[in-house]
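Chains as they are written, first to last, in the working numbering: chain D, 1 to 550; chain U, 1001 to 1486.
Mixed in with the good hints, there may be bad ones.
Computed cross-link-like contacts, SDA-like style, restricted to lysine to any residue with a CA-CA straight-line distance of at most 20 Å [said to hold, decoys possible]:
{"id": "1", "chain 1": "U", "residue 1": "Lys1234", "chain 2": "D", "residue 2": "Gln419"}
{"id": "2", "chain 1": "U", "residue 1": "Lys1108", "chain 2": "D", "residue 2": "Glu56"}
{"id": "3", "chain 1": "D", "residue 1": "Lys411", "chain 2": "U", "residue 2": "Asp1164"}
{"id": "4", "chain 1": "D", "residue 1": "Lys179", "chain 2": "D", "residue 2": "Arg264"}
{"id": "5", "chain 1": "D", "residue 1": "Lys200", "chain 2": "D", "residue 2": "Glu251"}
Some chain U residues near chain D, calculated using beta-carbon distances under 8 Å [claimed, not checked]:
{"id": "6", "residue": "Glu1034"}
{"id": "7", "residue": "Glu1038"}
{"id": "8", "residue": "His1086"}
{"id": "9", "residue": "Glu1105"}
{"id": "10", "residue": "Thr1120"}
{"id": "11", "residue": "Val1130"}
{"id": "12", "residue": "Tyr1134"}
{"id": "13", "residue": "Arg1352"}
{"id": "14", "residue": "Gly1355"}
Bear in mind the hints are in silico, worked out from the structure with no lab data behind them.
Built from N, CA and C at the ideal position, the CB exists for glycine as well.
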Amino acid sequence: MIKHNRTYSMPRLPLFLSLLATSGLTAAELQVITLKTLTAQMRFDQTEFSVSPGAEVKVVLENTDDMPHNVAIFQPGTDVVAVSNKNVEDPTAVKRDWLPTDPRMIAHSKMVGPKSRDEFTFKAPDKPGVYPYVCTFPGHAGSMQGKMHVTAPCPGLTGTTYAVYLGDWTKLPDFTALKPQSEGTFADNLIRTEFGEMKKGFGAVYTGKLKAPKDGDYTFHLTSDDGARILVDGKKVVEYDGIHPAGDVKEGKVKLKAGEHTFRLEYFQGAGEIELFAAWSGPGFSPTVFTKWAPEGWDGKPAKKKKPDAPSLPLVVGTEPVIYRNFITKSGGRPFAVGYPGGFNLTWSADQMNLALVWRGAFIDAGRHWTDRGGGETSPMGYDVLRPTVDVGPPFAVLSSLNSEWPKSDKAQRPRDYQWQGYTLDNKRVPAFAYAWNGVAVTDRFDAEGDATGSGRLVRTLKLSGPIPANSYLRVAQGTIKAAKSTYLVDGGNFDIQGRTFDNKMDVSVEGAQIAGQNLLVPARPEIVLIYTWTTSHADHAAPNHGHGQ
Amino acid sequence: MKPHARLFLLLLATPFLHAAAPQESDYYKITSFETPRETALEVSSMDILPNGTVTVGTRRGEIWNISNANGDAAKAEFKLFAAGQHEVMGVAWKDGTLYQTNRYEVSKLRDTNGDGRADTFATVTDGWGVSGDYHEYAFGSRFDKNGDLWVLLCLTGSFTSQTDFRGWALRVKPDGTLVPTCSGIRSPGGVGFDADGEVYYTDNQGPWHGACTLQHLIPGTFQGHPGGFKWYDKAANMGKRPTEPNDNSRMVTERARIKELVPPAVYMVHGKIGNSSSFIVCDLSKGKFGPFEKQLFIADQSHSNISRVYLEEVNGVKQGVVFPFRKGFQSGLIGGRMNDTTGQIFAGGSDRGWGAKGGKPYSFERLDWTGKAPFEIHEMRAKPDGFELTFTQPVDPATAGNTASYSAREFTYIYRAEYGSPEVDDVIPKITAAKVSPDKKSVRLTFDTLTKGHIHELHLDGVKSAEGNPVLHPVAYYTLNEIPSK
Chain D
1 MIKHNRTYSM PRLPLFLSLL ATSGLTAAEL QVITLKTLTA QMRFDQTEFS VSPGAEVKVV
61 LENTDDMPHN VAIFQPGTDV VAVSNKNVED PTAVKRDWLP TDPRMIAHSK MVGPKSRDEF
121 TFKAPDKPGV YPYVCTFPGH AGSMQGKMHV TAPCPGLTGT TYAVYLGDWT KLPDFTALKP
181 QSEGTFADNL IRTEFGEMKK GFGAVYTGKL KAPKDGDYTF HLTSDDGARI LVDGKKVVEY
241 DGIHPAGDVK EGKVKLKAGE HTFRLEYFQG AGEIELFAAW SGPGFSPTVF TKWAPEGWDG
301 KPAKKKKPDA PSLPLVVGTE PVIYRNFITK SGGRPFAVGY PGGFNLTWSA DQMNLALVWR
361 GAFIDAGRHW TDRGGGETSP MGYDVLRPTV DVGPPFAVLS SLNSEWPKSD KAQRPRDYQW
421 QGYTLDNKRV PAFAYAWNGV AVTDRFDAEG DATGSGRLVR TLKLSGPIPA NSYLRVAQGT
481 IKAAKSTYLV DGGNFDIQGR TFDNKMDVSV EGAQIAGQNL LVPARPEIVL IYTWTTSHAD
541 HAAPNHGHGQ
Chain U
1001 MKPHARLFLL LLATPFLHAA APQESDYYKI TSFETPRETA LEVSSMDILP NGTVTVGTRR
1061 GEIWNISNAN GDAAKAEFKL FAAGQHEVMG VAWKDGTLYQ TNRYEVSKLR DTNGDGRADT
1121 FATVTDGWGV SGDYHEYAFG SRFDKNGDLW VLLCLTGSFT SQTDFRGWAL RVKPDGTLVP
1181 TCSGIRSPGG VGFDADGEVY YTDNQGPWHG ACTLQHLIPG TFQGHPGGFK WYDKAANMGK
1241 RPTEPNDNSR MVTERARIKE LVPPAVYMVH GKIGNSSSFI VCDLSKGKFG PFEKQLFIAD
1301 QSHSNISRVY LEEVNGVKQG VVFPFRKGFQ SGLIGGRMND TTGQIFAGGS DRGWGAKGGK
1361 PYSFERLDWT GKAPFEIHEM RAKPDGFELT FTQPVDPATA GNTASYSARE FTYIYRAEYG
1421 SPEVDDVIPK ITAAKVSPDK KSVRLTFDTL TKGHIHELHL DGVKSAEGNP VLHPVAYYTL
1481 NEIPSK
């Protein structure tokens, strides 16, 4: 086939496969895996690689990104996202450079700074299986992970012979009826297509023995330029006949008993490019390539045409708060999401002028909105999501008495007596939201103090200037409310967000609050300071499930 | 494969190009900038500060200031001014303050502590509805000659009007008052001004739009899509709701029925000029951008190109002609602006969600005139019995004066609620005369028939310049809303 641009619709070839094919690698030899980080994408460049059982494995982590990353490998079945998220809650984790203490971790790199590298060597487990790996830096685990496959390769060919034929064909001929021009063996059992100066108009038949390590289904992989077929025990298993470039890798399956089988590969070359690739893989065994050449990107897996899911684009909070405005679930119209240092996060509606959700851990995944057209709502990335007021409605109301019904808000309508005025960022980039209500200028600001996973607190300060209407109240929280000194224990009941259930229990500290049925109200005054914490200490709130929901 | 087959394929693949055949890049050069690695610079809006700094808003909600952008692209500096907004579809600079139009509001951004980043985001207006449908884009203009900003609100899902003023053009007065100004918007792609400060926007092919269009925004008018008519109830200044257009009609027919209906000034002929019109730039560089002073340059997201528009006013209605101008931008163009001092067009965009020929996911580029003028139709004016063409260079009288050098076709689109339209009502006119002016800079074409409301497609494949060059873009599409009486 003449030269043209060829594309393979398959993932990148793990480096070691080609090594395996060319050097007849044994488990005792060193296998080198190079993992790179993708800039600003929170992903490794390879999400899968394979090693042989018991092999010495060197992993090189090249961090080309602008933020720190590591890689930690765990026992099969480990929920690496849960392990990483739990680690973030551990106040000592930062001292370990965010390395988990989970005993299932089998190997790991150091935390690698931007534009740096690290390498580590370990002995691959003897037990075949899928060993997950992950970056344990806070917020990265959701997207930055992959799978290490521990698999033994299928045995290679033995006793490989070749016979070369001359002819001008457009399809594979019946080689048994032809007389070979030359014959020989490949001592290294590696099939190749170089026969002297021959560039066109020839064919070759390769034979050898294969030893199936156990009973089961074996797959033979084939591509060629031009035609080729594989026969096992004399029966055709896979064929790619005719004049064509080496395009998609064809596959054929055959049931084999454990033991020796005969292998025959037939090939012909018309003119132009010369390429031949054959390999096999078996039940629990990784592929072994028979040929000197393998197409770039071949990894033994069938080509997948499936459109990938929206990639994860988590927004990482560093030393400054991060603001994200987009469609966010249960957060009212025109929502803001703000992620604060220390692992506090919230949403605030610039339609209802009120706090909607509070959570801890990772902030927001922008993948949904920054991929394709970006429709639909996203939800908090972290855990322990709270909804202080069950429905996001306007914060203030004038009540004829404390126990009057709180006005119902119509989500479809923007509250008419509120005007959105914008926001300012202070020198630490902490936002203060500003709006007007009934002639009162209000700012609503949140300060994250300490660590959300430990004893940290979220302090909310509302400042009101201008004449405050009589009998005005701020609704602070909704639910079953119990007072304990100046702290109120609020149980807002469970709620669901996109399939995750959260236990809506919080402690709210505020001076001068009053319980009015299901509402915790504070008379409007020039300054109101509220402190939100997740309920952890009180017996009534010893909730076993905090909706980790990962 | 056999050797002789290979030779045949090689022959097929070899273009038969005249060695000196003029190309777009001989006249207008595209320079691509490397954008900051920490973001995807999906440019969606643009303005230029008095000091030449280019400010771009992006679909990811960021605003970047790009300085030193006029020369060597490698020396340009990108600095993040603001982030966290929801799709910045308009940026406008005025008196030391940057105004942005995002999905929810127009706001004033200021850097009060001088660290180069905005720290105050003061709402100017947020008086329109947002339902949560992704297609409800809000495109913002720069300041018009009256000091107003224009906000163009895409329909909900680009089909209906589920919330306040979807499908309308609104003006934002300096005090923040929001004035409902035009109904009939469908899915805007950009808003800009001509040399007189008149306001135009581009709309996209869809219901009631047979093709993308360039439309003249005259306050009080109806721009063609009736989906947002219910908001006349909230727009007392706009008067009575217009008569509904009849389905499966023609623009020229409905114009006669509906007095508020403004026909598109130019149809950006679908598939030929583009498939998704976007930003509008007017050349006010006084010759720095070449021979097309005061003409409009309209970008296309899908075709990753820029087309050229010459407008005139006939019987009080804007109409004109579109020519291909420059293709080959790297991504789908969305935001763009000319630096009026240097005569450079800055253009950027993205192909996210809507594919683009350019092939790159996002881009920021610059288009410079090389100083060499292409041989092109300069202006094309309607006449009672044909058209007058002026050229950028003297023509060869033998070819330009020969009617056989030209061919023409007249067609229109169905004006209907269904999505898009085929080209219909074909008329093949006969060009009866081609008279070259004594200075050889213009040609007067006489047609045996002109059709009011039709797009007049003119090909000039045989016309040569006095130097023997063909017309660089030998095709023109003139939207003949009105036939002049003289």
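Evaluation of the provided hints:
{"no.": "1", "hint": "U:Lys1234 / D:Gln419", "result": "holds (19 Å)"}
{"no.": "2", "hint": "U:Lys1108 / D:Glu56", "result": "violated (60 Å)"}
{"no.": "3", "hint": "D:Lys411 / U:Asp1164", "result": "holds (15 Å)"}
{"no.": "4", "hint": "D:Lys179 / D:Arg264", "result": "holds (17 Å)"}
{"no.": "5", "hint": "D:Lys200 / D:Glu251", "result": "violated (26 Å)"}
{"no.": "6", "hint": "Glu1034", "result": "violated (13 Å)"}
{"no.": "7", "hint": "Glu1038", "result": "holds (5 Å)"}
{"no.": "8", "hint": "His1086", "result": "holds (4 Å)"}
{"no.": "9", "hint": "Glu1105", "result": "holds (7 Å)"}
{"no.": "10", "hint": "Thr1120", "result": "holds (5 Å)"}
{"no.": "11", "hint": "Val1130", "result": "holds (6 Å)"}
{"no.": "12", "hint": "Tyr1134", "result": "holds (4 Å)"}
{"no.": "13", "hint": "Arg1352", "result": "holds (6 Å)"}
{"no.": "14", "hint": "Gly1355", "result": "violated (11 Å)"}
When each numbered hint is compared with the structure, violations occur for hints 2, 5, 6, 14.
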